[in-house]
Amino acid sequence: MFFFIAGNTKKLVGQETIKINKNGFLVNAEVKIFKNYITLFFIPLIPLGKKYSIYIPHTDEYYETNYFSKMPDHYLEICKEIGRKY
1 MFFFIAGNTK KLVGQETIKI NKNGFLVNAE VKIFKNYITL FFIPLIPLGK KYSIYIPHTD
61 EYYETNYFSK MPDHYLEICK EIGRKY
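Take the sequence shown: its letter number 15 is residue 15 in full-length UniProt numbering, and every next letter is one higher.
Hints in this document: simulated from the structure, not taken from any laboratory.
Quantities reported herein were computed from a predicted structural model and do not represent experimental measurements.
All C-beta atoms in this analysis are idealised placements derived from N, C-alpha and C, irrespective of residue type, glycine included.
It cannot be assumed that every hint is accurate.
[To be verified] As a list, the in silico BS3-like pairs of lysine-lysine whose alpha-carbon atoms are at most 27 Å apart: (1) Lys50 <-> Lys35; (2) Lys50 <-> Lys80; (3) Lys19 <-> Lys80; (4) Lys85 <-> Lys32; (5) Lys11 <-> Lys50; (6) Lys32 <-> Lys22; (7) Lys50 <-> Lys19; (8) Lys50 <-> Lys85; (9) Lys22 <-> Lys85; (10) Lys22 <-> Lys70; (11) Lys80 <-> Lys51; (12) Lys32 <-> Lys80; (13) Lys70 <-> Lys80; (14) Lys32 <-> Lys19.
[What the hints assert, rightly or not] Label pairs and their computed distance ranges (CB to CB): (15) Gly7 <-> Thr59: 26 to 36 Å; (16) Thr59 <-> Ile5: 37 to 47 Å; (17) Ile43 <-> Pro72: 30 to 40 Å; (18) Pro72 <-> Leu40: 15 to 25 Å; (19) His74 <-> Ala6: 31 to 41 Å; (20) Pro72 <-> Phe41: 35 to 45 Å; (21) Asp73 <-> Gly14: 18 to 28 Å; (22) Lys85 <-> Asn21: 20 to 30 Å; (23) Leu76 <-> Phe41: 26 to 36 Å.
I would like the entire structure built from these sequences, with the hints used as guidance.
Below, the structure is given as structure tokens:
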């Protein structure tokens with residue numbers, strides 16, 4: 001009998017604070033870049049891609065890319081540009 005512990009894991013690979021234009025003002029935004037992995041026995045084996053999140057404290061907005069929420073396109077382009085470093 002074999003017993004395998006497998007799953008999907010999200011690891012933080014980078015985080016930056018940037019200035020973005022929001023309603024004519026330059027405000028801070030916190031961008032986080034995550035990598036998804038298929039894990040076996042808690043060891044990341046197969047990378048599945050990147051996911052992004054952005055938080056704008058000035059307006060208390062939070063967006064992330066996952067199965068159930070959608071990030072606006074202009075924020076997604078900002079996150080992808082930063083994600084190229086990681």
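So, going through the hints one by one against the coordinates:
1. Proximity of lysine 50 to lysine 35 is assessed by CA-CA distance (about 5 Å); at most 27 Å being required, the pair is judged to hold.
2. Our distance criterion of 27 Å between C-alpha atoms is met by lysine 50 and lysine 80, whose separation comes to about 9 Å.
3. Restraint check for lysine 19 and lysine 80: the C-alpha separation of about 15 Å stays at or below 27 Å, so the hint holds.
4. With a C-alpha separation of about 12 Å, the suggested pair lysine 85 and lysine 32 falls inside the 27 Å cut-off, and the hint holds.
5. The suggested pairing of lysine 11 with lysine 50 holds, with an alpha-carbon distance near 10 Å, which does not exceed 27 Å.
6. With a C-alpha separation of about 19 Å, the suggested pair lysine 32 and lysine 22 falls inside the 27 Å cut-off, and the hint holds.
7. The hinted pair formed by lysine 50 and lysine 19 meets the criterion: a straight-line CA distance of about 22 Å does not exceed 27 Å.
8. With a C-alpha separation of about 12 Å, the suggested pairing of lysine 50 with lysine 85 holds against the 27 Å cut-off.
9. With a C-alpha separation of about 24 Å, the suggested pair lysine 22 and lysine 85 falls inside the 27 Å cut-off, and the hint holds.
10. Proximity of lysine 22 to lysine 70 is assessed by CA-CA distance (about 19 Å); at most 27 Å being required, the pair is judged to hold.
11. Using a Cα cut-off of 27 Å, the hinted pair lysine 80 and lysine 51 holds, with the two alpha carbons roughly 9 Å apart.
12. Restraint check: the Cα-Cα separation between lysine 32 and lysine 80 comes to about 11 Å, which is no more than 27 Å; the hinted pair holds.
13. Under the criterion of a C-alpha separation no larger than 27 Å, the hint pairing lysine 70 with lysine 80 is consistent with the structure, at around 14 Å.
14. Restraint check for lysine 32 and lysine 19: satisfied, since their Cα atoms lie roughly 14 Å apart, inside the 27 Å limit.
15. The hinted range of 26 to 36 Å is satisfied by glycine 7 and threonine 59, whose Cβ atoms lie roughly 35 Å apart.
16. Our hint of 37 to 47 Å for threonine 59 and isoleucine 5 holds, since their Cβ atoms are close to 41 Å apart.
17. Taking the beta carbon of each, isoleucine 43 and proline 72 are about 35 Å apart, inside 30 to 40 Å as hinted.
18. About 35 Å separates the C-beta atoms of proline 72 and leucine 40, a value inconsistent with the hinted range of 15 to 25 Å.
19. About 37 Å separates the C-beta atoms of histidine 74 and alanine 6, a value consistent with the hinted range of 31 to 41 Å.
20. Distance hint check: the CB atoms of proline 72 and phenylalanine 41 are about 38 Å apart, consistent with the given range 35 to 45 Å.
21. At about 21 Å, the CB distance of aspartate 73 to glycine 14 agrees with the hint of 18 to 28 Å.
22. At roughly 21 Å, the beta carbons of lysine 85 and asparagine 21 sit within the given window of 20 to 30 Å.
23. The given range of 26 to 36 Å is respected by leucine 76 and phenylalanine 41, whose C-beta atoms sit roughly 34 Å from each other.
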